[in-house]
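Colleague: Here are the chains, one letter per residue:
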Amino acid sequence: MTATTAETQRKAPVRPLLLAKDHAVLILLAAVIVWLSIASPAFFTSDNILNILNQNAPLAIIAAAGTFVIVSGNFDLSTASIFAVASVSAAWLAVETGNPLLALAAAPVIGMALGALNGLVVASLRIHSFLATLASSMVYSALAVLITGGALITVDVDGFADFGRGSFLDVFIPVWVLAAVVAALWFLLSGTVFGRHVFATGGNAEAAELSGIKVDRVKVLVFVLSGLAAGIAAAIAVSRISSGQPQAGAGMELQAIAAIILGGTSIHGGVGAVWRSVAGVFLIALVGNGFDIMNFNPQLKDLVTGLIILAAVALAAVGRRSR
Amino acid sequence: MTERAGTAEAPDTERAPVVTARGLSKWFGGTHAVNGVSLDLLPGEVHALVGENGAGKSSLGKLIAGVYQRDEGELEVGGTGIGRWDPARAGRHGIAMIAQELALVPELTVVQNVFLGREHSRAGVLRPGTTTEFERIDAMARFGLPPHRKVRDLGIADQQKVEIMRSLARDAKVIVMDEPTSSLTAHETEKLHELIRTLRAQGRTVVYVSHFLDAVLEIADRVTIMRDGRLVRTGPAAEETKTSLIEGMLGRALAVTFPERAAPVPPGTPPVLEAEGLATAEGVVDASLTVRPGEIVGLIGLVGSGRSEIARALYGADRLTAGSVTLCGKPHARPRPWRSIAAGLAMVPEDRHGQGLVLMRSIRENISLTHSRRFATAGVISRRRERAAVGELAARLQLRPARIELETRGFSGGNQQKALIGKSLLGDPQFVILDEPTRGVDVGAKYAIYELITALAAQGIGVLLISSEHEEVMSLSHRAYLVREGRTIDEVVPAETTIDRILTVLFDTDQKAAP
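Chains as they are written, first to last, in this note's numbering: chain A, 1 to 323; chain B, 1 to 515.
Excised from the complex, chain B in its bound form (with noise of 0.2 Å):
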């Protein structure tokens, strides 16, 4: 490593390292997750690790967090070398991971969760100062948590956070955080990279493994980039740039664009589908909304403002209380999704692993599930004709590795996404619904999504498009609707607007509901 005069974030370098890779190796199955990389991590640095989807990244920071078995290689962990190795091996040596399923409790509070395993206790009866010990925790993180309330009650961004504390209350050395900002908002994303500095500052060392470069480029001392589970290379924070972290992560030069905006869609055609005065129990308040064909309409607001539960109120996922749903002119009567499905409607939905896939079954049985009967005659489904369609569809998404029998578990997030859209694209829909396609997905194969989606568009399929990344629904979608509290407030023309003055009006009707 070279010297970083002047610098005043620079980890000194002449400490020791806390942890030290040596020529590490991972399979899973035929993919070589892992192959060969060395690494050290400094005490008080702030390591990012970044790459395509299937780099290995995750999986690097999962060997030595101890989730996953090295099948090769050397660690050593504070000058010692390290045998057996797995999470709680990992704990007691300081190292804790956050992985990107996180592992909480949902019955349990917030308290209860952080001290998961390490409760106060005398002969095995609870006793008091787990609320001091807490709030002393509390207090370094800074995220206001409700102690008493039950984790299964937060959204997924307080959960992380009590990932987060959890570890602090361990006192890990070294934190592993896996994707920590996919589901955090901006203002949340900023919270935790001030939480990293102050980690940073105690001397602890910080493993982020993320695909958002910006976040990357912002809080890395040293970035190390994988492809291809290889190393490409480890060094100073300061002397990347985006373009060269993407160089390096894709071997070649990418610019991060958005496809050119597909082709507006003349003024008089009939909508495909027409939604008016949506409510369900699950948050939608009133929500009403219509897309043509070949139109990508987008829904912007706030995480918690009821996009979701918009897109699963039309879908069926959720029961209709009040309104109606209109599709090719035909009325929608009491959606449900194997309805919605036969009437040529298709979503892919926000949670991938708890919502989208049956990640013990193969690839393709996941891709073919909805529409096996495609490939069946009285009930019968014909392997051959069936791995044929899958086939082309994971060659057309460019699925990595393309080995469509393999356990979908195996597969990393950004190929599972692929996937799960393949799924939904498998029936030739009418009208699509994306919920965050883009979510844990690299620049690479998001550019892919993007173009996919504008190609569907083409194709004349109605498209509504949810995302927290408001940069997409801006330069995707022809039209957006701001949604707030569960009810579509306003409609905009993205390319007339900018996203900051529509987070304006979010923002504002917001201080104005709440004095």
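Isolated chain A, as found in the complex (with noise of 0.2 Å):
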């Protein structure tokens, strides 16, 4: 038995194509960076890079979030409809109480309540949380049009749009919120108890159970997780345009998880990064800006990116056969 593991042990044949596989979307990434940068001098530069995490940190946001939701094998369909409700009610609270600060911070705690009723849902009432969501995203649409009485709330208070449009030390204050959300919750998924009970949740529940995980009240946490992100990216974009509009963010929770997916955190649950989703987005980002820059014909944007996802889910694909 002992005598033949070393035999057994002898060093595998390398699999770069395994590798390649596995960190596709930081190849691809990286390959249009390069492409950019040769084929325009203004790509490369700093304000355009700042430009480029500016504008899609709200998506990426979510995105980072919303990997939670995936990895513990559930669905978010409402984050766009919780990004409108606190858009809105943001910018309504600025108009009613002039107090900016008190409007901003109300997003992401409207965002978080928003995402546990979703938890709660899912979990008490054992619902699959594609229909869930998709139940509550019409329910909090509809609200946020009930809140604005379907018109568009501008907001005229001094210091409302200094979260949106300031800058810190240079880089742009939603760069710097961006950046601390995805660390944080980077090394909340990848080195915590709670982030192993997601894994755990999303890669077979019954044996998470079993282990003694209250696999609902994970379910429940990552709808919080992914309400509170869509809370504080609301937080970013109703300041940056200083108006609440019901209508705000329509299409985003598909475009997280296009990006999410993109990534190579698996739809099936159980596998993912918080890092992947933010590369999927700014992959995806990237390529929007290359047509720009290259003055493609910006109709053509959506099919390019639909086949880079494709090929990116195909590629994973091939990837678990071969295993």
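Just so you know, these hints were derived from the structure itself, not from any lab. Quick caveat, the model's predicted, so the values are computed rather than measured.
If you want the footprint, here are the derived chain B segments under chain A, 3+ residues with CB under 8 Å:
#: 1; segment: 333-347
#: 2; segment: 353-365
#: 3; segment: 373-381
All residues carry an ideal CB built from backbone N, CA and C; glycine is no exception.
Join the two chains, each given in its own frame, into one complex according to the hints.
Modeller: The following block contains the structure:
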């Protein structure tokens, strides 16, 4: 038994292909960066890079937290609606109270509350999260319309725009927020007991339950995180444009899921990482940026983005089969 | 191969092999799972593949059936070389696989599963004719399965029969069976063997991958022994004995025995666990039992008697509708898994893939899953402490390969089982429920698990042992409860009785219950 162990431990042939598949999103991201840097001198400047980061901070924050939802084996289709409710609520509060800080701080709190509601519905009623959040996204969207009366709430309060438009140390505040949120979530998923529980819940819910994990609590918490992130994203966006619109963020929920999957997180749960989703967001963003810089037909942007996502998912599927 | 004159069942070695493998190799990560194996499969033979866990016998079967793609080597089927190989191509070449993890559609009926992918249809519209075809196959297999029952409502043994019928429906020439008897009762195994003989008489080849050496010797014409991914030898089963097979598998001699029973517990010792009048919606009707520290207590019952359900009730995997549990003298109200774990209970569930392990995560994460808080400060896990503890446990359990960072999926069944047991021991429990702890585990590893169980008892841990292999419960436990229809109906001391006498009791009452 032991005599032959040394033989079986012989080194396996190196599998660069497997490594490449596992890091496909980084390779693609690097390729796009190299391509754009060569194609346009305006691309690889700190101004342009910071701008891209700044513009995509809300989506990247939502995708980073959405990773938890997908890894836990769930879906959150309500992030855009939560984003809308939090946006219009913050705008309404700013107008009503004249206090920009209170208004902007309310957005994440509202996001958390709506996320908790999602989680409670999924966990206690045992409804598939796809259906539960599809329904709640409609409810929340209606809520956003009710708050504004269907109109746009323009905010003209001193200091309200500082959060979304201001800078600190020559870097936009939303970029700082993005960095902080991503670092915190990355660590939460990969380094903590809670993160383990999220992986186990998505990987095998029954085994997780029998291992003493309170699976229902994990589910509620991932939706709380997702709602919180939508609220933070809303605070950035509403401050930036100084107005609350009930249609704000429409389509973001699917963009976020697309970025998460593009990053290499498994849609079946149990496998994934926060950095992957952030890389996915910026890969899509850079392709879009490339279209602008290169003056390509913008109508083809979605087509190309869709094909890239398809290719990435197909590559991952091939990787699974050959294993 | 040597001629086997005078043996009526001997396959005709003059006939051309139906499958020829030359130098097959398969890697999984750093493990050379199959290492240059060459093999002929003859028409009309039952060819057994035996070996320890991780020896590569299942992997070899899967390479032949196209479930895995070979990394090196050549494969010939019916004399023609094969390039790309996957289950669909293998199916068209008449090779079918019945995997250990069954691949059925639970929501479809037996008939629908049997004919899945080859429904009788015209232009996509289903046509009658399936039923008569089903009856023809049913007459051959003689399983007597209810054709219109949903597969999800069948037990594992019956689901496996559906898989076998499916391969018959495809008229497979070569059927690879991976551990076909591991979830079957003795009676069901006998019926399966009858069917295999029928298949052989029809000129089909059955590749029989199994840990059960008695079964292998009974059914196989030729046996191929594997060790560490390599082929040790292929020879006529008539020339092998159980001992010669084990020695071939291990590369050394080993007696198949049980360790000495753990020291008896003084009768006055207060119990670590007491359960009174348990009932659940999942099939426990009235179960009462006590286990003392250092005592191994068995649950003996037929498949479907409610053995596992009693374990699940104690652990809180199913909710109690009646009854009470007392742990270490304290009431264990409303058991739930997390509450049980906190109170010093651990359970190794019977279905390691469905209930035990998160297959896409590493062995390290799986072993530490229940008790990851032990390695954490304020919720932040210290990988260093975790790795040290899990690594030590992996070494103690002789996990192979001892690479705890690898994905659990890539490990053999026996090593996965070791990891599962290790996972339950990490928290230093007071009381351990072992439900089928040796299912799908080979002889060498089995003995190690037996030793582990007696060692647990010697440390003063109470053990509740459930096994379909009655011999295990009889040889290891101090006391045992007889279980029938969700009730504990009697208590026996295995050392003072025989399994035959116990089974007579269990069957007798069955007959009385159903006149």
